[in-house]
Amino acid sequence: MKDGVNGVALGVFIFFFLAVTVMGFLAARWRRAADEQSLDEWGLGGRSFGTWVTWFLLGGDLYTAYTFVAVPAAIYAAGAAGFFAVPYTILVYPLIFTFLPRLWSVSHKHGYVTTSDFVRGRFGSKGLSLAVAVTGILATMPYIALQLVGIQAVLDVMGVGGGENTNWFVKDLPLLIAFGVLAAYTYSSGLRAPALIAFVKDTLIYIVIAVAIIYIPIKLGGFDEIFKAASDKYTAAGAGGLVPAEAGQWTYATLALGSALALFMYPHSITATLSSRSREVIRRNTTILPLYSLMLGLLALLGFMAIAAGVKVTNGQLAIPQLFENMFPDWFAGVAFAAIGIGALVPAAIMSIAAANLFTRNIYKDFIRPDATPQQETRVSKLVSLLVKVGALVFVLTMDKTVAINFQLLGGIWILQTFPALVGGLFTRWFHRWALLGGWAVGMLYGTIAAYGVASPTQKHFGGSSKEIPGIGEIGYIGLTAFVLNVVVSVVLTFALRAFNAPDGVDETSPRDYTADAGDPGVETELPPATAGSTH
Numbered sequence: 115m116k117d118g119v120n121g122v123a124l125g126v127f128i129f130f131f132l133a134v135t136v137m138g139f140l141a142a143r144w145r146r147a148a149d150e151q152s153l154d155e156w157g158l159g160g161r162s163f164g165t166w167v168t169w170f171l172l173g174g175d176l177y178t179a180y181t182f183v184a185v186p187a188a189i190y191a192a193g194a195a196g197f198f199a200v201p202y203t204i205l206v207y208p209l210i211f212t213f214l215p216r217l218w219s220v221s222h223k224h225g226y227v228t229t230s231d232f233v234r235g236r237f238g239s240k241g242l243s244l245a246v247a248v249t250g251i252l253a254t255m256p257y258i259a260l261q262l263v264g265i266q267a268v269l270d271v272m273g274v275g276g277g278e279n280t281n282w283f284v285k286d287l288p289l290l291i292a293f294g295v296l297a298a299y300t301y302s303s304g305l306r307a308p309a310l311i312a313f314v315k316d317t318l319i320y321i322v323i324a325v326a327i328i329y330i331p332i333k334l335g336g337f338d339e340i341f342k343a344a345s346d347k348y349t350a351a352g353a354g355g356l357v358p359a360e361a362g363q364w365t366y367a368t369l370a371l372g373s374a375l376a377l378f379m380y381p382h383s384i385t386a387t388l389s390s391r392s393r394e395v396i397r398r399n400t401t402i403l404p405l406y407s408l409m410l411g412l413l414a415l416l417g418f419m420a421i422a423a424g425v426k427v428t429n430g431q432l433a434i435p436q437l438f439e440n441m442f443p444d445w446f447a448g449v450a451f452a453a454i455g456i457g458a459l460v461p462a463a464i465m466s467i468a469a470a471n472l473f474t475r476n477i478y479k480d481f482i483r484p485d486a487t488p489q490q491e492t493r494v495s496k497l498v499s500l501l502v503k504v505g506a507l508v509f510v511l512t513m514d515k516t517v518a519i520n521f522q523l524l525g526g527i528w529i530l531q532t533f534p535a536l537v538g539g540l541f542t543r544w545f546h547r548w549a550l551l552g553g554w555a556v557g558m559l560y561g562t563i564a565a566y567g568v569a570s571p572t573q574k575h576f577g578g579s580s581k582e583i584p585g586i587g588e589i590g591y592i593g594l595t596a597f598v599l600n601v602v603v604s605v606v607l608t609f610a611l612r613a614f615n616a617p618d619g620v621d622e623t624s625p626r627d628y629t630a631d632a633g634d635p636g637v638e639t640e641l642p643p644a645t646a647g648s649t650h
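For what it's worth, the working numbering labels the leading residue of the sequence shown as 115, then goes sequentially.
Quick caveat, the hints were computed from the structure, so don't treat them as lab data. Values in this document were obtained by computation on a predicted structure and should not be read as measured data. Do not rely on the hints blindly, as some may be mistaken.
For lysine-lysine, the following DSS-like pairs were computed, each having C-alpha atoms within a straight-line distance of at most 27 Å [what the hints assert, rightly or not]: (1) Lys426 / Lys240; (2) Lys347 / Lys333; (3) Lys240 / Lys342; (4) Lys426 / Lys333; (5) Lys240 / Lys574; (6) Lys347 / Lys240.
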């Protein structure tokens, strides 16, 4: 690490940060609608985005600063096992091709803003809707915190904020400024701000990765030397070289599959999806989004490069920023740091909007103020988006960063438990609403208790996301085990409840709603956004 502040890199970083800040505020005038005081406009961009805007928005949403930092950091620390992120992003696209167009259609038809809106309308259950909403908010909070961790990692490497003995306010001031700017333009422009900034973010990331994958290997003597250095390190550490040990194969496979199932359960993924203007936009996006998986595979190789370059850090999250500072000229290191920093701002904005929408539609409107007007909904959502960011900031400033990472892993376990209600509900009404709620409760309880019992060298509890699978004896992803229990309980309870003729909720959807497109008759007018999804 270079001594002092890297002034050139910092100057370039500030330039791009100011540029996207201006874009964030100007986004309020982009595609301006006649009625801006509605959740459809502020929280979903007016449901008006086409193929490329949606592609950049979803990419900016799913491939975050934490991805940029954590995936190669996992390779740097643990070897090829860290590549699990590559197959899971390949698995996810055929999966979402089957259900996201259906979710878009029924949501557009009925004015649903969140997944909980759909669950409530499909099963006629405010309780199940509340469970999905609370799970989404809980899972999103540490995810937002990790975006701030990504910004902080870049600032640390640039030498901004001083050393460990620096006054806490001075040390954290740059992060506080970044947070304040993010909060301001998200409040002002809603989803339009990250949608516009995503163009800059993804362009920078593609440029940085393209340069890194060519320039750094040339400086290090080629990929042969890079892989040899990595293999030697893993072999010396007893990690079995570049290939994961046989004992870790169940962990690798279950983590990849479970992560693929969970990715589009996150509220921010659905928010970006529902902002699209047509069903075909979603279908086209599932065919071109795999370009990001190619990028992710190249990004993961940076972990091997950090080993070959002799990068030594006590915190693995600093490995890639430190690699960039060591290998690139100062000016291009600034570009790379800007890519990571902006890569944090885009998803953090979308995540806070998504969490705020869940609170407003499925807690505030359903349980606190059922007669809330669209203007009141929008105002509450704006305020809650600020509170969510404040909570994430407090999380980052007051807790150990490894705690934030482990809580994000726990969030993945939790969000997967909403899969049966959401995806199951898109294809069948067979599941009983109470059975789905029971399955969700069992999955949440098992997943939380199992994760609590996992220790690591630095933590007694919540030290990881893998544990022995009951009845099989192999180590696997806790989230997938909890999901299987969830489904089993939901099926068994559905048989039991239907045998006893337990009262079922009213389904406000019809089969044709799941294939409707924007131009179909009645799609725009059946239920206005202010009353869409109301329970019976």
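Check the structure against each numbered hint from earlier and tell me which ones fail, lowest number first.
1, 3, 5, 6
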